[in-house]
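Working from the sequences, and respecting the hints, build out all of it.
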Amino acid sequence: MTLLYFLDLLGTFAFAVSGALAGARKELDIYGISFLAVVTAVGGGTVRDTMLGRVPPFLFKDLNYLFLSLLAAVIVFLFHSHVNKKYNLLVWMDALGLGVFNVIGINIALHSGVGYIGSMIFGVMTGTLGGMMRDVLIGSTPFVLTSEVYASACIAGGSLFCALDYAGFAQTPNTALSAVLVFFVRMYTLKRGLHLPRVK
Amino acid sequence: MTLLYFLDLLGTFAFAVSGALAGARKELDIYGISFLAVVTAVGGGTVRDTMLGRVPPFLFKDLNYLFLSLLAAVIVFLFHSHVNKKYNLLVWMDALGLGVFNVIGINIALHSGVGYIGSMIFGVMTGTLGGMMRDVLIGSTPFVLTSEVYASACIAGGSLFCALDYAGFAQTPNTALSAVLVFFVRMYTLKRGLHLPRVK
Amino acid sequence: MTLLYFLDLLGTFAFAVSGALAGARKELDIYGISFLAVVTAVGGGTVRDTMLGRVPPFLFKDLNYLFLSLLAAVIVFLFHSHVNKKYNLLVWMDALGLGVFNVIGINIALHSGVGYIGSMIFGVMTGTLGGMMRDVLIGSTPFVLTSEVYASACIAGGSLFCALDYAGFAQTPNTALSAVLVFFVRMYTLKRGLHLPRVK
Chain A
101 MTLLYFLDLL GTFAFAVSGA LAGARKELDI YGISFLAVVT AVGGGTVRDT MLGRVPPFLF
161 KDLNYLFLSL LAAVIVFLFH SHVNKKYNLL VWMDALGLGV FNVIGINIAL HSGVGYIGSM
221 IFGVMTGTLG GMMRDVLIGS TPFVLTSEVY ASACIAGGSL FCALDYAGFA QTPNTALSAV
281 LVFFVRMYTL KRGLHLPRVK
Chain B
101 MTLLYFLDLL GTFAFAVSGA LAGARKELDI YGISFLAVVT AVGGGTVRDT MLGRVPPFLF
161 KDLNYLFLSL LAAVIVFLFH SHVNKKYNLL VWMDALGLGV FNVIGINIAL HSGVGYIGSM
221 IFGVMTGTLG GMMRDVLIGS TPFVLTSEVY ASACIAGGSL FCALDYAGFA QTPNTALSAV
281 LVFFVRMYTL KRGLHLPRVK
Chain C
101 MTLLYFLDLL GTFAFAVSGA LAGARKELDI YGISFLAVVT AVGGGTVRDT MLGRVPPFLF
161 KDLNYLFLSL LAAVIVFLFH SHVNKKYNLL VWMDALGLGV FNVIGINIAL HSGVGYIGSM
221 IFGVMTGTLG GMMRDVLIGS TPFVLTSEVY ASACIAGGSL FCALDYAGFA QTPNTALSAV
281 LVFFVRMYTL KRGLHLPRVK
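Taken in sequence, the protein lines are chains A, B and C.
Under the numbering used here, the letters of the first sequence match residues 101 to 300, in that order.
Under the numbering used here, the letters of the second sequence match residues 101 to 300, in that order.
Under the numbering used here, the letters of the third sequence match residues 101 to 300, in that order.
Be a bit skeptical, because a hint or two may be false.
One copy or two, it doesn't matter: identical chains are merged, so the pair holds either way.
[Stated by the list, open to error] Calculated lysine to any residue pairs in the SDA-like style (CA-CA distance at most 20 Å, straight line):
#1 Lys161 - Thr102
#2 Lys161 - Gly215
#3 Lys300 - Arg125
#4 Lys126 - Glu248
#5 Lys161 - Phe269
#6 Lys126 - Val299
#7 Lys126 - Thr241
#8 Lys300 - Leu178
#9 Lys161 - Ala267
#10 Lys185 - Lys300
#11 Lys126 - Leu296
#12 Lys126 - Met233
#13 Lys161 - Thr150
#14 Lys300 - Val174
#15 Lys300 - Ile130
#16 Lys126 - Ile238
If you are wondering where the hints come from, they were derived from the structure by calculation, not from laboratory data.
Following this line, the structure appears as structure tokens:
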């Protein structure tokens with residue numbers, strides 16, 4: 101198992117936990133919690149694959165993503181107050197997942213013949229669309245649209261990846277650098293309380 | 101016309117009626133009611149086909165689904181208070197449709213090379229995604245996530261289908277058995293007021 | 101640059117402005133406003149292309165749509181109160197865009213082997229789905245379902261196009277006539293305050 105795959109699964113688990121916690125807060129039943137866990141974790145990659153004609157989507161080719169998401173749902177269902185207290189750990193894992201999902205999405209889109217700018221969109225999609233589905237399903241305005249540096253951390257990491265790729269850097273260190281930058285931008289702006297400008 | 105096709109159309113009509121009634125309750129206009137009828141009836145199968153690369157989706161290959169959904173919309177528009185009173189009949193038809201949609205989705209996914217577990221997901225998708233779209237469009241938390249045994253009836257029917265298919269049973273009786281089980285689980289749990297566990 | 105392409109870009113800009121204004125009203129940040137601008141402008145065509153197997157969708161093949169949508173977002177972000185005052189101009193551009201998007205969607209679907217009725221659905225989808233996504237994302241009931249003659253203007257224009265196409269008319273004048281009819285129906289019913297019937 102490569103490090104990237106391990107981090108991808110870690111991010112999947114973190115995203116699924118955030119979906120399951122949202123479902124628990126909304127007092128959904130165990131099916132609803134599981135559904136939100138799966139959708140949050142794999143929703144972005146599933147839309148990406150469908151839009152690129154990579155069908156059936158990745159979810160149906162490697163069941164680990166599904167099983168891990170369901171595991172997260174069961175854990176949240178049984179121990180949700182304990183999980184809630186691990187807030188700091190969850191934020192770290194979520195930021196890691198964001199960086200990894202983003203750069204995986206970019207790599208897949210580039211290999212599908214989409215250029216740099218389009219691939220950055222697929223990166224943002226992979227990293228943020230699952231969370232948007234989660235928020236719409238529980239009736240909230242999507243978090244990613246309203247506050248904090250989240251999608252824009254993906255754009256920063258995507259710009260770095262594309263610039264280095266264009267300059268001829270090897271894919272492996274480039275992938276690592278991009279994921280680390282997303283993680284750093286996300287965590288730094290979160291700790292500092294920085295956010296994007298809004299309309300006055 | 102096979103029995104399965106007839107039951108599929110019956111389910112389509114029942115799903116469309118539930119969409120149209122939701123639109124009428126929300127005081128949408130005749131276009132809004134028609135749109136909700138169509139989306140509720142064919143939304144799940146359309147996403148399934150798109151995710152499997154079966155394009156254009158079934159809706160565009162056999163217009164009976166569209167015409168039947170629009171017929172349901174017109175009937176609800178003209179006689180919605182009468183339709184509302186047929187609650188028991190609608191619940192029966194909806195449960196039948198759920199069982200039929202589920203097993204059709206499973207069969208299609210299996211023939212598209214998706215394995216048993218993935219195909220069960222496509223079954224649930226076919227049976228429940230249209231109703232979720234209906235609920236999100238009228239601003240409600242999707243019914244299927246919050247209460248009652250609905251998606252889980254699909255999972256029960258899907259498990260039976262896959263187990264018997266794996267054991268070598270013929271497709272036709274297997275399809276019938278699975279649809280009947282979903283119908284039975286749905287109606288029994290509804291009458292008894294049974295529901296899945298929620299977070300305390 | 102053909103006239104149709106110019107009008108398509110004009111419509112894209114108008115749709116993006118309506119998305120960005122909705123985001124500004126909801127006090128989203130600059131990313132949220134940009135996201136809503138892009139989704140409103142290209143959401144319908146993206147779903148159309150994905151459902152027809154035309155992948156990656158048009159958005160990724162001609163970046164002008166993206167850049168124009170982002171330009172609209174920046175303009176709204178900086179000068180939203182000025183933009184708001186241009187209400188009449190925006191309504192005109194939006195109605196033009198609706199007619200152009202509709203007839204482009206119909207042409208693409210017809211060339212993909214979908215028949216007349218299915219192609220009219222793809223027309224309505226191209227013209228209205230982006231706006232529906234905008235409304236769902238900001239937590240509103242989709243405007244197109246509740247009031248005014250909007251999707252039904254597309255259906256009128258689509259019917260004319262399909263009737264003339266069936267009668268053997270050339271595509272270019274036919275396309276123009278259909279777009280003009282949608283524009284006219286939309287503007288006339290808006291000025292007159294006409295709307296579709298609702299359930300009493």
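What are the numbers of the hints the structure violates, in ascending order? 5 and 9
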